[in-house]
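*Asks:* Once you have looked at the hints, place chain B on chain A.
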Amino acid sequence: PLSSRCCAPSSAGPAMNCRAEVLEVSVEGRQVEEAMLAVLHTVLLHRSTGKFHYKKEGTYSIGTVGTQDVDCDFIDFAYVRVSSEELDRALRKAVGEFKDALRGSGSDGMGQISLEFYQKKKSRWPFSDECIPWELWTIKVNVVNLANEQERQICREKVGEKLCEKIINIVEVMNRHEYLPKMPTQSEVDNVFDTSLKDVQPYLYKISYQITDSLGTSVTTTMRRLIKDTLAL
Amino acid sequence: AMDTDLSSQDRKDLDKFIKFFALKTVQVIVQARLGEKICTRSSSSPTGSDWFNLAIKDIPEVTHEAKKALAGQLPAVGRSMCVEISLKTSEGDSMELEIWCLEMNEKCDKEIKVSYTVYNRLSLLLKSLLAITRVTPAYRLSRKQGHEYVILYRIYFGEVQLSGLGEGFQTVRVGTVGTPVGTITLSCAYRINLAFMSTRQFERTPPIMGIIIDHFVDRPYPSSSPMHPCNYRAGEDNGAVYPSVEDSQEVCTTSFSTSPPSQCVFTVTKAHFQTPPPVVTDTLKVPVMGLAFSHQLSSSRLSYQPAALGVGSADMGYPVLFAGGLNAAHPHQLIGPGKEGGVPPVPSQPAHGTQADQERMCTPLDGVHYSAATPSSSEDTETVSNSSEGKCGSPHDLLETIFIRKVGAFVNKPINQVTMANLDIPFAMFAPKNVELEDNDPMVNPPASPETESPLQGSLHSEGSSGSSTGNTHDDFVMIDFKPAFSKDDILPMDLGTFYREFQNPPQLSSLSIDIGAQSMAEDLDSLPEKLAVHEKNVKEFDAFVETLQ
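One line per chain: the protein sequences are A and B, in this order. The first sequence begins at 1 in the numbering used here and counts up by one. The second sequence begins at 234 in the numbering used here and counts up by one.
Pulled out of the complex, with its shape left as it was, chain A reads as follows (with noise of 0.2 Å):
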């Protein structure tokens, strides 16, 4: 969820043992959503576990995550999500406001959205709980703007071809089997996991997302301006 239980950031600094992957894209506006969907659905695949039962004794069952194929109409592009509406509801929103910041504000076309997994340590009244972000996805979004259709045709293709780079991206880092919260008992399983979902458990993430403002232009925007005006001649 957007603002999941909220909790005060790690006093500590960035926490050890998080990794953080950063991926590029360039799409066009109307894109920008299924790619994200894309992105975000893939990670989200690796990182939702069935519901846990936990049962006596501390042992614990694990129920089933359907998967379900989805093809994007903007893009030569499909990929495969957790079956979970709750989810992809989550994430929809979530994508959905980011693209909406991304169009208003005379943005530049760039930002970025962040997807983030942490894990919750209990502190004793009155300071609040500290979220250890574990794993932090960043997505580098650029919108670009195309002239004509032809544009548009190869743009499509081109973007499917990106993000198929992307999934083995994200395949290749899960497959490093590097850090993962403990399994936890019962009375831990929300500090790992976000319970509240009805058929699927993902790891306890949250979703941010940064624009470029015009206004702080950095460096590297004015050259992508002058270099695009300069083509465009």
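Hints were generated in silico from the structure; no laboratory data involved. Values in this document were obtained by computation on a predicted structure and should not be read as measured data. Note that beta-carbon positions come from the ideal geometry of N, C-alpha and C, so glycine has one too. Among the hints, a few may not be true.
According to the in silico footprint, chain B covers these stretches of chain A (three or more CB under 8 Å from chain B) [stated by the list, open to error]:
no.: 1; region: 39-48
no.: 2; region: 57-68
no.: 3; region: 165-174
*Replies:* Just chain B, lined up with the frame of chain A:
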């Protein structure tokens, strides 16, 4: 006690995990090549039979074949389980597309916990496999299989054979899982590019060994075969033929086979094969693109912008039909060439995201584009039209005007591509066809963007604008689909898609054109002194007029 050896319980568990992992791997791969979208449900209460906590259906025939190939063995060093995915055309020629390899190497991880960590990592690996099976080129091909080709699978056990993939194949690693007896690795080697096929590939590959059950050749109506992967969810048919794996866990463990692993080729087909046997000629009969129609509608010069399949415009999420004035209800009927003769008949290509009924459409290979000449174009159209005019009946001639765009959109095409007018070569439809020189390749020389001097001009395409109407007459690639969603094809001769297409780029209103506006303003300014002089002359008349008003 020493912990270096695996306990017998752990060993048994590990073997079982590996075996079922292998079976599930095969299921995921084959199901990803059926040409359909797969959907399984999550279940919060564990059912006890979903291996690795994933809902992966078991197609009984596939399990049966996998078990036969494994013959009671498990992947081990030098003994890999391979799933070969190949394509077979309606003419009987095959080509290998991918080899998925489940291998074991000697690197052991003695410390790892079998029942917990290995199991969960195998689950993760299956998820990765689900994701990766959608991103190799064969996925898109398999989604479009149908009349012209089908996708087949073959399972074998032993040494990996990659020679059938042609030169320059690529490999993608799905993942690895360390176990106390070795490291399991799962990867895929795939042919990258159909357009680069060498002539050697055109030979028919004879069966290697073992039994080949080739339903496509033996029985042109594969619907009569016991395999109906698309119906597997119903389960009733198939359940009767083969025991499903849930019911008979004992079956797999007790088959001690001493015969060599058999190799079988199965046709993974779709239900729509119950229609008359696919013939290449039939599938290429398509409505001719209605450039003639568009010309009748409006005599102004329309720039023919290709509405890319499934793109059309931002407002249309579904593919667009070009056939104007035609009976779009019967996409397989042949209608004569348009008056302009500009556009060759084209097979359709369903969009990835379309809701259209894919099964009824022609399904040419991925990446085939067709040129659409503009009504106002010049000699470039001539070459295209001459080859297509009057020859719409035979697929040979249709294929003369096929342009192939490669899967890699930005790869430069070699100049010396050969035009394959002769269909004797198998896979001719896959062969690169040359009409396009590098200079005309929009990838190399991108077309100049239309001038956008005014915001209005950005959306309306002006008559006189150079824009994309020049220099790309025969480079306008179009992808055609017959079945835009919501289109009525029985009431109007023209469907929504065509209508939209035709009127998408109306000529700009002249009053909005800055050139004309500027011109008239300049004219106005110049003519002012004259007008003033005339008015001065007639001042008496004006005064009289004003008098009458008072």
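*Asks:* Determine for every hint whether it applies to the structure shown.
*Replies:* Against the structure, the hints:
1. Coverage of a stretch by a chain is defined here by at least three residues with a beta carbon nearer than 8 Å to that chain's beta carbons; for the region 39-48 of chain A and chain B the count is 3, and the condition holds.
2. Taking a C-beta to C-beta cut-off of 8 Å, the region 57-68 of chain A contributes 8 residues in contact with chain B, enough for the three needed, and the coverage statement holds.
3. Only residues whose C-beta sits within less than 8 Å of a C-beta in chain B count toward coverage, and the region 165-174 of chain A has 6 of them, enough to reach three; the restraint holds.
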